[in-house]
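Residues per chain are reported as follows:
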Amino acid sequence: AQKITQTQPGMFVQEKEAVTLDCTYDTSDQSYGLFWYKQPSSGEMIFLIYQGSYDEQNATEGRYSLNFQKARKSANLVISASQLGDSAMYFCALSGKVTFGTGTKLQVIP
Amino acid sequence: DAGVTQSPTHLIKTRGQQVTLRCSPKSGHDTVSWYQQALGQGPQFIFQYYEEEERQRGNFPDRFSGHQFPNYSSELNVNALLLGDSALYLCASSGSGILPGNTIYFGEGSWLTVV
Numbered sequence: 001a002q003k004i005t006q007t008q009p010g011m012f013v014q015e016k017e018a019v020t021l022d023c024t025y026d027t028s029d030q031s032y033g034l035f036w037y038k039q040p041s042s043g044e045m046i047f048l049i050y051q052g053s054y055d056e057q058n059a060t061e062g063r064y065s066l067n068f069q070k071a072r073k074s075a076n077l078v079i080s081a082s083q084l085g086d087s088a089m090y091f092c093a094l095s096g097k098v099t100f101g102t103g104t105k106l107q108v109i110p
Numbered sequence: 001d002a003g004v005t006q007s008p009t010h011l012i013k014t015r016g017q018q019v020t021l022r023c024s025p026k027s028g029h030d031t032v033s034w035y036q037q038a039l040g041q042g043p044q045f046i047f048q049y050y051e052e053e054e055r056q057r058g059n060f061p062d063r064f065s066g067h068q069f070p071n072y073s074s075e076l077n078v079n080a081l082l083l084g085d086s087a088l089y090l091c092a093s094s095g096s097g098i099l100p101g102n103t104i105y106f107g108e109g110s111w112l113t114v115v
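Chains as they are written, first to last, in the numbering used here: chain A, 1 to 110; chain B, 1 to 115.
If you're looking for bench data, these hints aren't it; they were derived computationally from the structure.
Please note: incorrect hints may appear among the correct ones.
What the hints assert, rightly or not - Derived lysine to aspartate or glutamate pairs resembling DMTMM-like cross-links, with alpha carbons at most 25 angstroms apart: (1) A:3 / B:54; (2) A:16 / A:61; (3) B:13 / A:44; (4) A:3 / A:44; (5) A:3 / A:29; (6) A:73 / A:61; (7) A:105 / B:85; (8) A:3 / B:62; (9) A:70 / A:56; (10) A:3 / A:22; (11) A:3 / A:26; (12) A:105 / A:22; (13) A:3 / B:85; (14) A:3 / A:55; (15) A:105 / B:108; (16) B:13 / B:62; (17) A:70 / A:22; (18) A:105 / A:86.
All values derive from a computational prediction rather than experimental measurement.
With these hints in hand, go ahead and build the complete structure from the sequences.
Shown next as structure tokens:
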């Protein structure tokens, strides 16, 4: 069975600072992918970044980067230069049946 | 390029009734998945359709059923609604089945309230 664990129910970050959202996972698949999504209060899940299990380099997409440590089964999301519009729920997800974590609510403080 | 579209956006049903939710995938995508997201929780996988067949299913009762049409659009049907079925129902699409590298794009969801 697959499992995603996000241990931070809520996080605060000062505007323009960087923040790291934690995600650990468990899967028996040899090939898998990890996703991060942002969910504003409107409900839509917005794709942020993807990391494949065999990718040698950590994924980056603009202000988002993924700190992937395969041996530790962690895939933390780093948001640099936080903006007020980054305030939302953030979900880590594992490919296959696409298992989601419980999410982290990020609030950016002016 | 239209993204994933879902309808209706909001609906209210009575216990015991049946509901049908609809989804059109992103252009070029042929795989559709459905998720249930209760308030304050992460999305839970219901099932996935590819080539008009259910390919994977999560831990949901048979009251939850679906269909995929030749144009790749999909429907989610829930029978004998319970109060606990109140949730945001998200549709997601991706290309060519369940390969790990296929990015999954979501629609804005259908908010279902059962009273």
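Consistency of the hints with the structure:
Simply put, residue 3 (chain A) and residue 54 (chain B) have alpha-carbon atoms about 22 angstroms apart, close enough for the 25 angstroms limit, and the pair holds. At most 25 angstroms may separate the alpha-carbon atoms for a hinted pair to count; residue 16 (chain A) and residue 61 (chain A) meet this at roughly 17 angstroms. For the suggested pair residue 13 (chain B) and residue 44 (chain A), the alpha carbons sit about 22 angstroms apart, so the restraint of at most 25 angstroms is met. Under the criterion of a C-alpha separation no larger than 25 angstroms, the hint pairing residue 3 (chain A) with residue 44 (chain A) is consistent with the structure, at around 22 angstroms.
Of the pairs offered as hints, the one joining residue 3 (chain A) and residue 29 (chain A) holds, with about 12 angstroms between alpha carbons and a cut-off of 25 angstroms not exceeded. Proximity of residue 73 (chain A) to residue 61 (chain A) is assessed by CA-CA distance (about 21 angstroms); at most 25 angstroms being required, the pair is judged to hold. With a CA separation close to 24 angstroms, the supplied pair residue 105 (chain A) and residue 85 (chain B) stays within the 25 angstroms bound. Using a Cα cut-off of 25 angstroms, the hinted pair residue 3 (chain A) and residue 62 (chain B) holds, with the two alpha carbons roughly 24 angstroms apart.
Among the hinted pairs, residue 70 (chain A) with residue 56 (chain A) is consistent with the structure: their alpha-carbon atoms are about 10 angstroms apart, no more than 25 angstroms. Under the criterion of a C-alpha separation no larger than 25 angstroms, the hint pairing residue 3 (chain A) with residue 22 (chain A) is consistent with the structure, at around 14 angstroms. Distance restraint check for residue 3 (chain A) and residue 26 (chain A): the Cα-Cα separation of roughly 5 angstroms lies within the 25 angstroms cut-off, and the hinted pair is therefore satisfied. Of the supplied pair hints, the one linking residue 105 (chain A) and residue 22 (chain A) holds, its CA atoms being roughly 12 angstroms apart against a limit of 25 angstroms.
For the proposed pair residue 3 (chain A) and residue 85 (chain B), the alpha carbon gap of about 23 angstroms is at most 25 angstroms, so the pair holds. Pair hint residue 3 (chain A) plus residue 55 (chain A) holds up; C-alpha atoms about 21 angstroms apart against a cutoff of 25 angstroms. A C-alpha spacing of about 19 angstroms is found between residue 105 (chain A) and residue 108 (chain B), which places the hinted pair at or below 25 angstroms, so the restraint holds. With a C-alpha separation of about 19 angstroms, the suggested pairing of residue 13 (chain B) with residue 62 (chain B) holds against the 25 angstroms cut-off.
Between residue 70 (chain A) and residue 22 (chain A) the alpha-carbon distance is near 14 angstroms, which keeps this suggested pair within the 25 angstroms criterion. Of the pairs offered as hints, the one joining residue 105 (chain A) and residue 86 (chain A) holds, with about 10 angstroms between alpha carbons and a cut-off of 25 angstroms not exceeded.
Violated hints are absent here; each numbered hint is respected by the structure.
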